[in-house]
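Protein chains in written order, with our numbering: chain A, 4 to 279; chain B, 4 to 279.
None of these hints come from the bench; they were simulated from the model.
On a predicted model such as this, the values are computed, not experimentally measured, just so you know.
The C-beta atom is built at its ideal place from N, Cα and C for all residues, glycine as well.
Check the hints yourself; a few may be wrong.
Said to hold, decoys possible - With the Cβ distance kept under 7 Å, some of the chain B side facing chain A (calculated, not the full set):
#1 Glu109
#2 His120
#3 His121
#4 Lys125
#5 Gln159
#6 Asn161
#7 Leu166
#8 Asp196
#9 Arg200
As the list claims (entries may be wrong) - In silico DSS-like links for lysine-lysine, alpha-carbon gap of 27 Å or less:
#10 A:Lys103 with B:Lys213
#11 B:Lys231 with B:Lys213
#12 B:Lys103 with B:Lys125
#13 A:Lys103 with A:Lys199
#14 A:Lys213 with A:Lys231
#15 B:Lys213 with B:Lys202
#16 B:Lys125 with A:Lys125
#17 A:Lys87 with A:Lys202
#18 A:Lys103 with B:Lys227
#19 B:Lys103 with B:Lys39
#20 B:Lys199 with A:Lys66
2 protein chains.
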Amino acid sequence: MADRDARRSLSQLLRVEPGSRIDLDRFDAQRTHGWKREDAELHQAEQEARLTELQERLWAEGKRSLLIVLQGIDAAGKDGTIRKVMDAFNPQGCTVTGFKVPSSEELRHDYLWRIHHHTPGKGSVAIFNRSHYEDVLIVRVHGLVPRDVWRRRYRQINDWERLLTEEGTVIRKFFLYIDRDEQRERLQARIDDPNKRWKFSASDLPEREKWDSYRKAFEDMLEKTSTKDAPWYLIPANRKWFRNLAVSTVLAETLTAMDPRYPPADPGIEDIVIPR
Amino acid sequence: MADRDARRSLSQLLRVEPGSRIDLDRFDAQRTHGWKREDAELHQAEQEARLTELQERLWAEGKRSLLIVLQGIDAAGKDGTIRKVMDAFNPQGCTVTGFKVPSSEELRHDYLWRIHHHTPGKGSVAIFNRSHYEDVLIVRVHGLVPRDVWRRRYRQINDWERLLTEEGTVIRKFFLYIDRDEQRERLQARIDDPNKRWKFSASDLPEREKWDSYRKAFEDMLEKTSTKDAPWYLIPANRKWFRNLAVSTVLAETLTAMDPRYPPADPGIEDIVIPR
């Protein structure tokens with residue numbers, strides 16, 4: 004299965020088509036679409052090399068940008084994915100922003116205000132570790148705003164992402180999905196390993212209790228905000244090596260399709276001889 | 004004419020109703036809707052007192068905000084209007100932002116990026132001296148982006164302003180209209196008066212040459228982006244005292260309708276006796 008054709012179509016297999024229905028209870032977070040670990044790691048390295056070269060061209064071209072959004076339940080592997088993807092990118096021209104609980108200043112503005120500020124400039128890549136989607140996830144699950152307020156946000160987000168797209172930003176959104184058992188194991192590992200214990204938060208357990216509420220919120224998010232230009236990719240993330248392969252492959256294909264070009268040199272520059 | 008009823012309806016007279024057609028060539032920039040200068044100045048002072056009180060309540064309430072957008076051709080009186088309106092507002096809780104030629108950093112982002120950053124936080128008033136509307140005005144007239152790019156901006160702007168409205172910001176937009184003769188006189192006065200000469204820019208004359216292109220761009224802007232929640236007010240601005248009255252009246256009516264309330268004190272606070 005791990006031939007070129009299978010690899011080429013991974014994007015299509017994982018993309019949430021607009022209008023499709025999502026049932027996470029029946030989604031297999033172990034799935035690897037026929038990939039074996041050894042093949043995957045070889046191909047992963049290839050994708051990373053492609054990403055490195057394409058990002059340099061994106062930066063040199065300076066005309067378009069790439070926004071990468073990562074969402075997932077606690078312990079789904081957002082941080083690990085970012086480390087892996089960032090390995091491929093030159094930090095100049097790539098920013099990572101983690102969106103945590105909003106500050107009081109941020110809460111004084113609309114929920115997209117702080118997000119908009121961190122969107123990538125032309126030539127750049129921006130990676131969001133959590134994002135405006137928390138405003139239809141944790142905000143919904145905890146009832147932080149009334150139902151009619153979070154419900155209209157799907158439209159607002161689609162409108163706003165459309166603006167970004169039309170103005171030159173390509174958007175790719177990844178939802179890393181691990182199942183309940185996998186989350187239990189990962190949280191337990193954080194508790195058992197003294198070096199990981201700092202990652203465990205007292206809120207992780209009450210949040211886990213809300214699994215079904217989150218599941219419903221995730222499904223709605225995927226169904227209502229996966230658009231042609233800003234699609235969601237639903238990544239089976241129990242296996243970290245497959246998760247990394249999937250994200251790297253989608254990004255490499257995205258940048259390949261964008262086909263950024265080094266800008267042409269000024270005419271006559273090839274005749275210049277630097278004087279001694 | 005300067006009775007209470009006429010005053011009450013000034014907002015309605017000046018508001019650009021969604022779907023209406025605008026013909027600035029036939030618009031009388033001298034018009035005062037029956038107001039005489041002396042009456043106007045008395046009422047102006049009343050409006051300012053209302054604005055002062057209402058803004059304090061808006062700030063104390065801390066739940067909603069007011070965005071005031073000022074646009075107009077060169078010398079239409081944007082600066083003078085802001086000085087007048089700002090007189091009424093407490094500078095704490097009110098920001099003024101002038102949007103000039105974008106910086107190279109700003110140009111690396113979508114055109115609403117720098118604007119969004121300056122929108123008012125809850126409890127605050129923000130005044131924009133020029134705004135995102137320059138991206139369908141000067142940008143259009145000078146052909147800085149292709150036609151299909153500026154044409155889709157009307158929709159993008161409406162979507163974005165709708166987001167702000169839904170999230171708690173009331174938007175009022177003022178287009179100050181002076182006619183060609185009045186502009187000539189004001190520009191000439193800037194040249195003739197040594198104390199005003201700094202206001203005259205070498206670009207003012209070539210810009211004046213483009214009067215008809217700007218007129219068309221203004222008309223399209225007024226027709227396409229005056230919405231129920233974020234209406235344009237078309238202000239006859241040849242007479243400064245009428246312009247000030249009109250803007251102050253619309254703002255006072257807007258804040259009156261918002262009816263901001265001082266937040267209730269904590270229960271039991273009335274029984275507190277401060278100890279010696």
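Worksheet item: Hint by hint, which ones does the structure fall short of?
Response: Per hint list: 1, 3, 6, 8, 9, 10, 11, 14, 16, 18, 19, 20 violated.
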